[in-house]
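Trainee: Guided by the hints, dock chain B onto chain A, whose structure is given.
Protein chains: 2
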Amino acid sequence: MFKASDSLVQKESIEAIQTLLRPALDELTLYLDKQVGTFESQIQSLVKYCLQNNGKRLRPSLVFLTGQTNDSAVFDELVRVSAVVEMVHIATLVHDDILDHADKRHDKPTIASKYGDHTAVLLGDALFSHALHLAAEFDTVEVCRLVSKSTRRVCAGEIVQTFNRGAWKLDMDDYLETLDMKTGELFSVSTYLGALLSGYSQEECMLLREFGSKLGIAYQAYDDLTDFLGDESNIGKTLGTDLETGKSTLPLIQLFQSADASVQQEMMAALKERDETRVMNILEEHSMFEAGIAFVYKLVDEAIALLKQLPENNPASQNLGNMGTILRSKLQELEARRASR
Amino acid sequence: MFKASDSLVQKESIEAIQTLLRPALDELTLYLDKQVGTFESQIQSLVKYCLQNNGKRLRPSLVFLTGQTNDSAVFDELVRVSAVVEMVHIATLVHDDILDHADKRHDKPTIASKYGDHTAVLLGDALFSHALHLAAEFDTVEVCRLVSKSTRRVCAGEIVQTFNRGAWKLDMDDYLETLDMKTGELFSVSTYLGALLSGYSQEECMLLREFGSKLGIAYQAYDDLTDFLGDESNIGKTLGTDLETGKSTLPLIQLFQSADASVQQEMMAALKERDETRVMNILEEHSMFEAGIAFVYKLVDEAIALLKQLPENNPASQNLGNMGTILRSKLQELEARRASR
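Sequence order for the protein chains is A and B. Reminder that position 162 of the first sequence reads as 161 in numbering that gives the first Met the number 0, one-by-one numbering, no gaps. Reminder that position 323 of the second sequence reads as 322 in numbering that gives the first Met the number 0, one-by-one numbering, no gaps.
A couple of the hints might just be wrong.
Treat identical chains as interchangeable: a pair holds within one or across any two.
[To be verified] Distance condition first, Cα-Cα at most 27 Å in a straight line; then the derived DSS-like pairs of lysine-lysine:
(1) Lys148 with Lys33
(2) Lys33 with Lys107
(3) Lys168 with Lys113
(4) Lys148 with Lys113
(5) Lys113 with Lys271
(6) Lys329 with Lys107
(7) Lys55 with Lys103
In short, the hints are calculated from the structure, not lab data. Since the model is a prediction, treat every value here as computed from it, not as a measurement.
With the rest of the complex left out, here is chain A:
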């Protein structure tokens, strides 16, 4: 899948994105820092701890890559709306870390491990509320309507995933819908609001929203694959968390879709015994990681194809295209790790 010429394209994409994003993300950091002081004094230090993480700021990046960052009035609104989506995302992480009993997030102890579940539940709630409060500060009520509805769908997605624990033979459509709810939703809100605030046409806004959703599904499917194969950030980290918690993802779903009954039985036995090595070997023997990676490539390509429908002068086309290229390069790395196992 890897072509030699790709590496140059990727390098250019990463540089183009960094040039655009660095000042924008710096502005976001300043804005988030300022938010800390607007919380009740008793919880400001906790809020600061959550907001000053070194997360990837993917959702804000999508806002900026979609929008008109060279128009200063629009840029200010993009900063505010990127803070809203990032804060919703951070709130979900604070709650996720309770549920997953995670000790660390971005190399810092989680709120739950540092201050207890009690505080983590409430602080996540306070962050959610503040995000919606910021959303309500826009003149148009649409930001608040959209963000609140999306937040609800993200939570619903997480609940569905919880319900599906231990259900290894998951339907592919159900899996993809959950990915869309969990990750596609906030990605698509980011691109849609970036477009809306930039004054793009209704058609462009809807296209960019669909792109966000597709890219989010692709990104989450990629992320699920890294739970088996690792990524650059979790070398030395325990993999197979999803297996342990009974979460069925892409390669398993594809195996149960395509393999013979005997292979399926063998896999079920390995899953039942939580025999990670055996699970990995069966998946590898039946080329399920290759199939999974190919599946995600296809999703990324479909997302990028949507951008081709945008007018040529729309900056989102090039910028988000670069984002797609970067995800493709991550998939290449994954493929290389798989091959060298």
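Mentor: Showing chain B alone in chain A's frame:
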């Protein structure tokens, strides 16, 4: 404190309130039932379970008692806004029940005990989000701004309370501020929005907001006293939950404010040993329950005094006055239970 003539006033107050509230709360129930179908299909049964509780609907009652319920356009808006505040309240209860490891709420198993903490955290989040989504459906963005800010303050109040666990010698002002954050806040949003949507003057709106805050503080202080003395709904229920969880409330705070050093030492020893009987006896010996009840009476009176400043034709004056009367009657019952211990 109890006067024989009071019982007639109370009976009239309760009847007046019931006549006004029954159709309004029925309408709210219908509205909440309809909301269930707007959630993602996979979580509708859970949402239904939460919304169909037999809670007291205190916050919606405040909305209706404040507003112009005889104007049908206003009434529709009051129903919607009462659904918003009630849904925020229910979301906080779903989360509280995780933290308190409560098995039952309103005679039904809690979400946390029935479906696990994981689902309870996420479902509470979904309810919060939906409440904010309903708030965003008003033409004016103010409903969303106010509700999101209040929700944040309620959570901050709960966090402060968590931080204070085990700090028995609590400052009275800090205690009252926490009551305002935890309960006064949503009470005051209920009265304020009821007033705003009814087209009352800015001055009336602010007065009613202050009334809500005062009444909320009084109600929460009363509720804290019932943890020692019981109320009609928890006969046979375990009392002293607050003592067990290290939560210092009114009678303890007053004791540490007023008693001799030796008494304080004795109390500290009893608290350290979690000796509930001894704690109760010391409080009783030093008339701390009487002092606490008197303190709450004063708060209720201050709240009712605010209503006197409203124009005579404002229906909230009479209706909310009746609410105050009912809380006074609850205090009388508490006093009677204390005396008969």
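Trainee: With reference to the structure, classify each hint as holding or not holding.
Mentor: Taking the hints in turn, this is what the structure says about them:
{"no.": "1", "hint": "Lys148 with Lys33", "verdict": "both (26 Å within a copy, 16 Å between copies)"}
{"no.": "2", "hint": "Lys33 with Lys107", "verdict": "within (21 Å within a copy, 43 Å between copies)"}
{"no.": "3", "hint": "Lys168 with Lys113", "verdict": "between (37 Å within a copy, 25 Å between copies)"}
{"no.": "4", "hint": "Lys148 with Lys113", "verdict": "between (31 Å within a copy, 26 Å between copies)"}
{"no.": "5", "hint": "Lys113 with Lys271", "verdict": "between (33 Å within a copy, 25 Å between copies)"}
{"no.": "6", "hint": "Lys329 with Lys107", "verdict": "within (24 Å within a copy, 49 Å between copies)"}
{"no.": "7", "hint": "Lys55 with Lys103", "verdict": "within (15 Å within a copy, 41 Å between copies)"}
In terms of the numbered hints stated before, the structure departs from none.
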